[in-house]
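Student: Residues per chain, in single letters:
There are 2 protein chains.
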Amino acid sequence: MSDASSKDGSQPLKIGLIGLGKIALDQHLPAIHGNPGLAVVAACSPRATHATLPVYRSTGEMLRAHPEIEAVAICTPPQVRQAIAREAIDAGKHVFLEKPPAATLGEAETIRRLAEDKGVSLLASWHSRFAPGVERARDWIGQRRLKQVRIAWKENVRQWHPGQTWIFAPGGMGVFDPGINSLSILTRLLGPEVVVHKADLHIPTNCDAPIQAQVEMVSGHGARIHADYDFLQESQQTWSIFVEAEQGENLALHMGGTILEIDGKVVLQEKEAEYPGLYAHFLRLVRSGSSDADFSPLRIVADAFLVGKRIAAPEYHE
Amino acid sequence: MSDASSKDGSQPLKIGLIGLGKIALDQHLPAIHGNPGLAVVAACSPRATHATLPVYRSTGEMLRAHPEIEAVAICTPPQVRQAIAREAIDAGKHVFLEKPPAATLGEAETIRRLAEDKGVSLLASWHSRFAPGVERARDWIGQRRLKQVRIAWKENVRQWHPGQTWIFAPGGMGVFDPGINSLSILTRLLGPEVVVHKADLHIPTNCDAPIQAQVEMVSGHGARIHADYDFLQESQQTWSIFVEAEQGENLALHMGGTILEIDGKVVLQEKEAEYPGLYAHFLRLVRSGSSDADFSPLRIVADAFLVGKRIAAPEYHE
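If you read the sequences in order, they're chains V and G.
Just so it is clear: in the first sequence, position 110 is 110 by full-length UniProt numbering, and no numbers are missing.
Just so it is clear: in the second sequence, position 157 is 157 by full-length UniProt numbering, and no numbers are missing.
The reader is advised that the hints may include incorrect statements.
Derived pair list, reagent style BS3-like, types lysine-lysine, alpha-carbon separation capped at 27 Å [as the list claims (entries may be wrong)]:
1) G/Lys22 - V/Lys198
2) G/Lys198 - V/Lys198
3) V/Lys309 - V/Lys147
4) V/Lys309 - G/Lys22
5) V/Lys99 - G/Lys198
6) G/Lys198 - V/Lys309
7) V/Lys271 - V/Lys99
8) G/Lys99 - G/Lys118
9) G/Lys309 - V/Lys309
If you're looking for bench data, these hints aren't it; they were derived computationally from the structure.
Build out the structure end to end from the sequences listed, making use of the hints.
Tutor: This is the structure we're talking about:
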């Protein structure tokens, strides 16, 4: 499927970008441009245009016009990802899926099966796992028994998701759209065997997805986990995970994992560079003919919806 | 874990029954009594008593009083199954899980992992798969390309679930408690790769789970599936699956699979005998040291909750 020059890495991997929304422009394009092993060839979007890239109205049009494309990055809203992924995989392209990998677990599992059957690489990406503090936090946790973990993931939806009305539509996940980032870090830190016990889902009466949520979980090793998600945070934005070990030692990741604090002291504070890390990971997967498709963060969200108590919240208007 | 006499089958498998509600009394006890390879030794329930069986107040009490128990059947409400399954598996007992296997996919996967690690047999049971018409319908479907499938699963909750208030509590699944039976048949007929596209969930304003639902799905082979679940059916109860093949041929399972109709003619009509079939299956699994734990029906329900449109329905009072 990919030609010899891309397999041996002598030529940059040629990428088609599907979806030209906020995340594609803010993160994907700069990360691709910054990696000499990658080249973006074209994009597609039902409406958007771009100053330098040729933009097509559909995946099929783009792939027909640019048969040299070897991989696609799918950055559309999750509700339409499965059909696009199927089209790209059928055409033999490697696939980089923006998070969440699909609107449902069934769709995600279907994409994984299609990619396996076709022999292309699949990355179900979780950008927050590439935050600078995550791997060091994982090492620290690996050497200790944990007592409890607390997640506080609070942001102002009006500031961070302007115009993204799909977020509150069925399948848009509401506050779990950013919240799933915390779960992607959590499952990297503690392993995928996190079980939901209880969830309170506060759903605005004019929306189909929660605007606030509290979730009680337990890790595979028995640590209690409490997560507090809030889309209506107006003051300081908070993306923190607090870990307490059995001997009273503690660790905290702040600002989505760019700050690592151990026993009250900041031991790491670095600029966010998640997408460059993600794209380097994707390139390694393609070059080695492998895949990375862990759906545990989406499974946790599905479980929270399955057992969640639905609480009516005031109407939301942007 | 199990002694030699049970492994070689010269002695009946000794079972402890956990939960003594409607399903335990109506189905499990008669099925166990009817199988000479099985013997029920004791039961436990927080409140219930029984005319002939010793009844304990907890799983731990029962297992301590009867170390000869080799397997447990867990027939409690789903919300408490994981903790009980863990206790039984830790004690080296084989586990028969009533459907649904747990309140969440995470719990179900944990139970599966624990059973694998301990080397005990696990049956995540789906009793409707043992309805008399299911295997013959599966053979018919295996020889055809399908166009569409329609599920109509409509019953009167007041008649079939009196006093089962857990059904409308978080994790109780509402109309999907019976509805998941249709999904267990569907995934036996069409394979587990069924993907949810859309769901309408009608949730009474005083409940946490739907009383009616419509779900749009597609099979791994591309057949469209429409399911209509209704807990407020007062006239004729309906548990039917209608299958239409590409050449216009059609098949229907009625009354939960006890009646099989092909091209408009009834070709099979048999008395329901699901639990005897299930227990024979469980005994074979234990004797052969294997497990049967397919969670695809629960995954479909979780996906329906994840992408479902929540529609307020009138209050429900039993």
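Student: Against this structure, judge whether each hint is valid.
Tutor: Okay, the hints, checked on the actual structure:
| no. | hint | verdict |
| --- | --- | --- |
| 1 | G/Lys22 - V/Lys198 | 26 Å, holds |
| 2 | G/Lys198 - V/Lys198 | 24 Å, holds |
| 3 | V/Lys309 - V/Lys147 | 26 Å, holds |
| 4 | V/Lys309 - G/Lys22 | 26 Å, holds |
| 5 | V/Lys99 - G/Lys198 | 20 Å, holds |
| 6 | G/Lys198 - V/Lys309 | 21 Å, holds |
| 7 | V/Lys271 - V/Lys99 | 21 Å, holds |
| 8 | G/Lys99 - G/Lys118 | 22 Å, holds |
| 9 | G/Lys309 - V/Lys309 | 15 Å, holds |
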